[in-house]
Amino acid sequence: MVVDSLDKKRKIIDLYYNLLEKHGEPALTPQWSFWCKRPKNSEEKERIVIESILTQRANWKNVELAVSKLQKSNLMSLQNILSTPNKKIEFLIKPSGFYIQKAKRLKNLAKFFVKGLGGIEKAETLKTAELKIKLLEIDGVGDETADDILLYAFERPVFVIDEYTRRFALKHNLTNKLTYHHMQQIFENALEKDYKIYQDYHALIVIEMKGQK
DNA sequence: CACCAGGAATGTA
DNA sequence: TACATTCATGGT
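Taking the numbering used here, I'd label the letters of the first sequence as residues -6 to 206.
Where hints are given, some of them may not hold.
Cross-link-like lysine-lysine pairs, in silico, BS3-like; alpha carbons within 30 angstroms at most [unchecked claim]: (1) K127 <-> K100; (2) K120 <-> K30; (3) K164 <-> K127; (4) K115 <-> K1; (5) K203 <-> K2; (6) K65 <-> K104; (7) K2 <-> K62; (8) K15 <-> K30; (9) K120 <-> K80; (10) K1 <-> K170; (11) K170 <-> K87.
These are computed hints drawn from the structure, not numbers from a lab.
Given only the sequences and the hints, what does the whole structure look like? Please build it.
Have a look at this one:
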């Protein structure tokens, strides 16, 4: 159990409003207009799932390049990914890097949602904790990717922790323990349990920290 | 040419 | 638990 001072919680809330005032609603920015869009239909949920893999250790510009190539081949669909040879997927997603690994990971996720669940909408019937456990069982899905999917595709209130969030937390002295679960608790304890706030806050942190190099 | 970009899995101590 | 290494590309 993470115990924070009221002071620190207040600081996390204040930082959120500062970022919101500084950068505006993430849904209105080009980079985050899609991930922060809500609600999402099945096709849009599948796109988030696919992008959550492509974005691993990749610059967003190259992810978009890979996405547009997948779109041209009608492969922004988990069903179609499942019936396409890895070689073709590898070729199309090359710009995002790590393409051999990522093609396998896309297949793993597609297998889970299409064959395991019987369609991405079936995920809506699962509780957040159950869905996260199942996602983590998939080879190629760790805490961050699982939470990206939970928060942005399925609008579940889980706070996503990434490298930018760690830098942000260090910079503002929010914590010095940077493990995933600990940091997630710090943010979730400080904020109202609201997926919209979590979506926007994470996006704002990325926008803010990207601008500082 | 060196290093990074919205990680995860595996191995080691 | 906490690090180190591997994967492997395009941009700066």
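Original post:
Can you name, in rising order, the numbers of the hints this structure does not satisfy?
Top reply: Result: hints 3, 4, 7, 9 and 11 break, sorted rising.
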